[in-house]
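**Q** Residue numbers (the UniProt record's numbering), protein chains in the order written: chain A, 1 to 409; chain B, 1 to 409; chain C, 1 to 409; chain D, 1 to 409.
If you are wondering where the hints come from, they were derived from the structure by calculation, not from laboratory data.
A quick note: this is a predicted structure, and the numbers were derived from the prediction, not measured.
Some hints here could point you the wrong way.
Put simply, identical chains are the same to the list, so a pair is met inside one copy or across any two.
Here are the simulated EDC-like pairs of lysine to aspartate or glutamate, each with C-alpha atoms no more than 16 angstroms apart in a straight line [what the hints assert, rightly or not]: (1) K398 with E276; (2) K54 with E21; (3) K56 with D159; (4) K394 with E129; (5) K290 with D145; (6) K37 with E21; (7) K37 with E22; (8) K192 with E11; (9) K54 with D365; (10) K118 with E50; (11) K37 with E245; (12) K394 with D294; (13) K399 with E22; (14) K329 with E30; (15) K394 with E276; (16) K56 with D115; (17) K185 with E250; (18) K399 with D159; (19) K54 with E129; (20) K348 with D158.
4 protein chains.
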Amino acid sequence: MLFPISPRAEELRDRVAAFMEEHVYAAEHEYHDYVDKQADRWCIPPVMEELKRKAKAAGLWNLFVPKHHDPDALSNVDYAIICEVMGRSPIGAEPFNCSAPDTGNMETLIRYATDEQKARWLTPLLEGEIRSCFAMTEPAVASSDATNIQTEIRRDGDDYVINGRKWWITGAPDPRCTISILMGKTDPSAEKHRQQSMILVPMDTPGITIVRPLTVFGYDDAPHGHAEITYENVRVPASNILLGEGRGFEIAQGRLGPGRIHHCMRSIGVAERALESMCQRALTRHPFGKSIADQGVTRHLIAESRMEIDQARLLTLHAAHMMDTVGNKAARAEIAMIKVVAPNVACKVIDRAIQVHGAGGMSQDFHLAYAYARARTLRMADGPDEVHRETVAKVELKKHAGANTGGRH
Amino acid sequence: MLFPISPRAEELRDRVAAFMEEHVYAAEHEYHDYVDKQADRWCIPPVMEELKRKAKAAGLWNLFVPKHHDPDALSNVDYAIICEVMGRSPIGAEPFNCSAPDTGNMETLIRYATDEQKARWLTPLLEGEIRSCFAMTEPAVASSDATNIQTEIRRDGDDYVINGRKWWITGAPDPRCTISILMGKTDPSAEKHRQQSMILVPMDTPGITIVRPLTVFGYDDAPHGHAEITYENVRVPASNILLGEGRGFEIAQGRLGPGRIHHCMRSIGVAERALESMCQRALTRHPFGKSIADQGVTRHLIAESRMEIDQARLLTLHAAHMMDTVGNKAARAEIAMIKVVAPNVACKVIDRAIQVHGAGGMSQDFHLAYAYARARTLRMADGPDEVHRETVAKVELKKHAGANTGGRH
Amino acid sequence: MLFPISPRAEELRDRVAAFMEEHVYAAEHEYHDYVDKQADRWCIPPVMEELKRKAKAAGLWNLFVPKHHDPDALSNVDYAIICEVMGRSPIGAEPFNCSAPDTGNMETLIRYATDEQKARWLTPLLEGEIRSCFAMTEPAVASSDATNIQTEIRRDGDDYVINGRKWWITGAPDPRCTISILMGKTDPSAEKHRQQSMILVPMDTPGITIVRPLTVFGYDDAPHGHAEITYENVRVPASNILLGEGRGFEIAQGRLGPGRIHHCMRSIGVAERALESMCQRALTRHPFGKSIADQGVTRHLIAESRMEIDQARLLTLHAAHMMDTVGNKAARAEIAMIKVVAPNVACKVIDRAIQVHGAGGMSQDFHLAYAYARARTLRMADGPDEVHRETVAKVELKKHAGANTGGRH
Amino acid sequence: MLFPISPRAEELRDRVAAFMEEHVYAAEHEYHDYVDKQADRWCIPPVMEELKRKAKAAGLWNLFVPKHHDPDALSNVDYAIICEVMGRSPIGAEPFNCSAPDTGNMETLIRYATDEQKARWLTPLLEGEIRSCFAMTEPAVASSDATNIQTEIRRDGDDYVINGRKWWITGAPDPRCTISILMGKTDPSAEKHRQQSMILVPMDTPGITIVRPLTVFGYDDAPHGHAEITYENVRVPASNILLGEGRGFEIAQGRLGPGRIHHCMRSIGVAERALESMCQRALTRHPFGKSIADQGVTRHLIAESRMEIDQARLLTLHAAHMMDTVGNKAARAEIAMIKVVAPNVACKVIDRAIQVHGAGGMSQDFHLAYAYARARTLRMADGPDEVHRETVAKVELKKHAGANTGGRH
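Turn these sequences into a full structure, and let the hints steer you where they fit.
**A** Okay, structure coming up:
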């Protein structure tokens, strides 16, 4: 392997892969079937708690934790290759307590929470006893520009009072979801990037209403889901603020990098699995007298998929390595690039795999249609492609600021 | 308008468009909400029966019927422009009794059924009293090559006995679905294209089991749906055979052309609506201080979408015109081309519209995600893209058979 | 044929096609070889004058002339299908006196010149005795925005005096090039679109210097070519102005439509020829034990090419038909669309044909590499793709101005 | 830097980059102008010999030599990053004695030549005193499949006698080209991959005729060029055979890997330079009232280019690293992948840069059009894209041989 990946990470990756083979893939049907059979789809499939117990017992637990928390923690590059393996299954991250948005929330608490806040929320999250959500996006404004966010966090005595409407709050409908990190405005008159704050809001606080679940291409993603939520005079102690008023953007920035590596490596994992399915189907299906692998454009698409996946993986590991060595800020363009590249590659590869599978590929019989919907979502999550391309272009053009070109050069 | 479209067709198109504006778009929510609220999603939303009554009363009924049935019927080009308008809504064709697979089945009955068969099944279909399905695809074989189909239709005295498994039988779960046209093998020892027959199978015949509904990117398409069905010793009178044993391929060929025009024009309709939504959203949403229409790649994508839609429409009308003038057989390449072009254009345009809508575009709040799933399905229905490209290439290469090239020419 | 193409046009198209087969393709080598063997490449290959004589004798002459000039002239749609055939060869238009920029210049003179101007320049152009150029683009400014043009046309007594630098003046190095239509500024203080004028400048006027020929991907396009030209105190009579001072933009607009149809149809002609070459090569070349047509992605690319060409042709004919029926202004978006679509399709199809030809496809042995360079040029000529996409988007967005979107619709 | 690149390589890369800045870019015009002004374009521009002297004096000489030749030589990864810098200029490799096909020929001689052969040809090549060519491709057969090659190498006493026709023999027209390595058939009756041999053929041997130069998109690439050559009874001593009869394929395989890394890294170098030009032009050109960088699709294309270049570079370095660690054979798929990816990325990026430059981008005034032609050539050289995609697909499918897929997994 080309990158400075530690032998320990490779060993963990292999153990996670073995765990996936032994326990996780086999549980996919059971997990979804359990949900489908409940009157209330917002339930806890017992098989998941079982998987968590097994993974915890095997020491494959909280591998995501950053070096801030534990000096022995894995580097971003090290964790990335493990994350890819988990990403192969839609239920692949939770058994290891490594699923979004909990990982991002735990990182945020590790970096910015007080000891009291940590004891109350971080500890049970790290134990996998509760889950969490991150409440940022709003239906009324273009949230790709976070300065647009309107939810009010108003100081009132020793409390903050929250009013607003959020949507796409992933994980909120999960019955185990106990705590949310909410972003809103504490001071609309402050300088543009100092108006926002983040605050801890327990999900059982009066005034919080989960209005409805949102679907993604027809999937409700139960039992995890994506909620639209209203906040009406939701009152929390002032001590729930993170880092202090006006620090919302600062926290958002710090939170960004690792989560993107995780999302992107999981995308690559699912793309890799889709390519495997495509090859297997192409070899075993024989319309018109020969295998699909021997027909038309199939080999071309397999080759394209391999080339795209390998490039996306190298680019993501490269970004992770930059984060490990020069930091998130210097890796700004690289982190933006992978956010565009990896989900798009996943969408393309899965789409081709679906096409090779025929109509079945779009149905519940294969992992592909659901994988497509999840990968497609990532072209939006944390900003649409267009916003990240803009970042890449800005960094690129900056290199030539003041440049004056002439002649042949 | 460039094509030989009759003033009558233009007038009908305008009336259908007005009906859509007045009645259909407004009913979309009600229709889907009704289904979502039933314990059994395979139900009949009253609003649809109401829409049918209104359209029938307005004389906007059965506009698809071919000249075989009625010398005053619309030409393929004439009906095409009306079909586009209906295609704008997922519930846009049924009010006019113009929805698949009923139209294809009615055409089949018009062309190939006996008077007795027509009286029993065609008349109530034309009246919109019953619905129907077409049972061809099988899970065990690559059905894009119809010679692979294995369902057995065995003669037994005055009956045929059917055994097999079908899937993707669209419309079968609809409670009004009363009759199916099934394709299977009557004589596995016959010449390759004479083994297959088509037969009328009432849906209440003992031995038919709807095993389960299939989903498409998470959508069950209720109350219409796509069923997996088993046939165990399903016995129907021998008189139910269409045209005679071994004529299955002949019927399949005759059935193909118009259905493709319909599918493609509906795809163009939905693409056109998506482009409208994209423009409207781009003009009214303002992240980063200006409208999305004024940012990045938006105008580029709007222009690309317009160019692709206009080209796809012209190509489809051109194919329809060829069917009207030189016949389906001579238009073979053209009919194959539109089957590739139109659904792919729809997928691309809808995908861009989703991206402009942000996360909401993937949800139930806009018509886009569901439209994407339906357009994506059409890249499979009636053969995947790859099969149709193969047809186009074959026709193209045939022009040069025996050709010998040399020199600069 | 789908469009309202007259039988006369079809007959002319067939005669032009027969002339191409009999005389033009065979002359391609001779034409280029003659140029390659001259010390001065800016020469007149005798074979071209011979071809002109033959075409004129056959009555295949000046078919481009618009109805302004001759009520019996062909419509835009009618001429378009003939233009496609001429476009198949890089020397295919001149034999019929239908080559750019002369056709555009003749149209301009027909519409805007005085009788005296016509007698002096239009008549010999229509006879094919002289050639002409159009001097607009300038190296110092972004000429895709014509308001940037800086060349000075200063009134001085009964004369105008011209100073400036132009480039990409196609046809200027041709020894037969006698007259130019030059665009420049007569009044820099006027309203933005009234600053510019067009004026007739004989090429032998003192002060005109052809600085150098420009190459296009290594081709100098001799003997026609593209010149960089300086104008130093070039003095012409005031009567040489076209239509009057400040009317330059108005003339430019009037000139645009037909020229684009011509360029686009010629692009389609060359794409069609490239597809033929691709098919022939694919059938007759056998690496790895079977024909290229039976390998990999070849059939896919042939099918894609056929679909793209047919769509581009329909779109161009549609634009021509709109020009014929509702006028250039109402067809603004359509004329912009074809300018993007047709050259890009030609580039794609030719590129694929080159790839099928192997290394030879890039060389002088086939018509493809030169065809690619010419098609690539058209993505710039008369404004780059990006400018035309902007026009398409502007027209599209205008439809929704003031629109307010909501709900599912 | 992510890869195991040695500090020595980085230091050499920086010195080569400085040399390019100081000497090479500035010499581009002089080099091409010299050639353009000679009666015979197959000449030696003095500036190149001057550059060679300077680079040699600076110790920047023969950096390509492999570890076979010199244990202190650079690894493939180390040389790769230097190669990228040289690739930025069309005259960037020769000053350092690192240009194709000499590097490939020198490697071949290092690995397979006898001491006598080395003394005669390798030494002067390493000194930069002579140049060489590699004669493999033939016009009559599809040479992407090397088994098709027909040139006859017949044993006759102590000699071999060669008869055949080759083309695309790069560097043959160079007046300094003294020696060729020719591939042909010694035994047409042998097993398929044992029929071919390689033999050293001095260019002044009687019977060799350079028939003509081939052009690439209008460029003759003088003074280096690509020749069509006939061999008529060309007689060379039997001792000129390399490695022995029937070993041609074996040598061809050994030769492949490093050359591809070089080609690909040079492609990335030229793409990087094109992106720089694109940014600079976009910032300094202002049509329609703002910079091109602030308009339409420009930033999108800059971002796409950066993402594609970075991915291509990482993929190529990854392939180089695999060659360094697991060997050329195990890196077979990776070497095939970069051969597709890098030239295609270069073509795309250069094409976009041209578009941003307007018409000038296609001309001799910028490095872009010539860069495009050279990058486009690489999509053919050493096998077209399609052949390499086939290799990638074959390796991928092999992983699943015997696989049987089922269920959701």
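**Q** Hint by hint, note whether the structure agrees.
**A** Hint-by-hint comparison with the structure:
Within a single copy, K398 and E276 get their C-alpha atoms only as close as 41 angstroms, which misses the 16 angstroms cut-off; across copies the closest is 11 angstroms, which meets it. For a Cα distance limit of 16 angstroms, the shortest separation of K54 from E21 inside one copy, 13 angstroms, qualifies, whereas the shortest one across copies, 57 angstroms, does not. Proximity of K56 to D159 under the C-alpha cut-off of 16 angstroms is found in neither arrangement, the shortest distances being 38 angstroms within a copy and 63 angstroms between copies. In this assembly of identical chains, the alpha carbons of K394 and E129 never lie at most 16 angstroms apart, being 43 angstroms within a copy and 47 angstroms across copies at closest.
In the homo-oligomer, the alpha carbons of K290 and D145 lie at most 16 angstroms apart only across protomers (11 angstroms), although the nearest pairing inside one protomer, at 52 angstroms, exceeds that limit. For the identical chains of this complex, K37 and E21 are neighbours neither inside a copy (25 angstroms) nor across copies (39 angstroms), given an alpha-carbon limit of 16 angstroms. In this homomeric assembly, K37 and E22 never come within 16 angstroms of each other (Cα to Cα): the closest approach is 25 angstroms inside a single copy and 40 angstroms across copies. Taking CA atoms no more than 16 angstroms apart as the test, K192 paired with E11 passes in neither setting, with 46 angstroms inside one copy and 45 angstroms between copies.
Proximity of K54 and D365 under a CA criterion of 16 angstroms is satisfied in neither setting, with 27 angstroms inside one chain copy and 40 angstroms between copies. Proximity of K118 and E50 under a CA criterion of 16 angstroms is satisfied in neither setting, with 26 angstroms inside one chain copy and 59 angstroms between copies. When the C-alpha separation of K37 and E245 is checked against a cutoff of 16 angstroms, the pair qualifies neither within a copy, at 45 angstroms, nor between copies, at 44 angstroms. Taking CA atoms no more than 16 angstroms apart as the test, K394 paired with D294 passes between copies only; the shortest distance there is 11 angstroms, against 45 angstroms inside one copy.
In the homo-oligomer, the alpha carbons of K399 and E22 never lie at most 16 angstroms apart, since the shortest distance is 50 angstroms inside one protomer and 20 angstroms across protomers. For the identical chains of this complex, K329 and E30 are neighbours neither inside a copy (43 angstroms) nor across copies (43 angstroms), given an alpha-carbon limit of 16 angstroms. Taking the closest pair of Cα atoms, K394 and E276 come within 16 angstroms of each other only across two copies (13 angstroms); inside a single copy the shortest separation is 37 angstroms, beyond that limit. Taking the closest pair of Cα atoms, K56 and D115 never come within 16 angstroms of each other, the shortest separation being 25 angstroms inside a single copy and 65 angstroms across copies.
In this assembly of identical chains, the alpha carbons of K185 and E250 lie at most 16 angstroms apart only when taken from the same copy (14 angstroms versus 54 angstroms across copies). For the identical chains of this complex, K399 and D159 are neighbours neither inside a copy (47 angstroms) nor across copies (50 angstroms), given an alpha-carbon limit of 16 angstroms. With identical chains, the CA atoms of K54 and E129 are at most 16 angstroms apart within one copy only, with a shortest distance of 15 angstroms there and 57 angstroms across copies. In this assembly of identical chains, the alpha carbons of K348 and D158 never lie at most 16 angstroms apart, being 52 angstroms within a copy and 52 angstroms across copies at closest.
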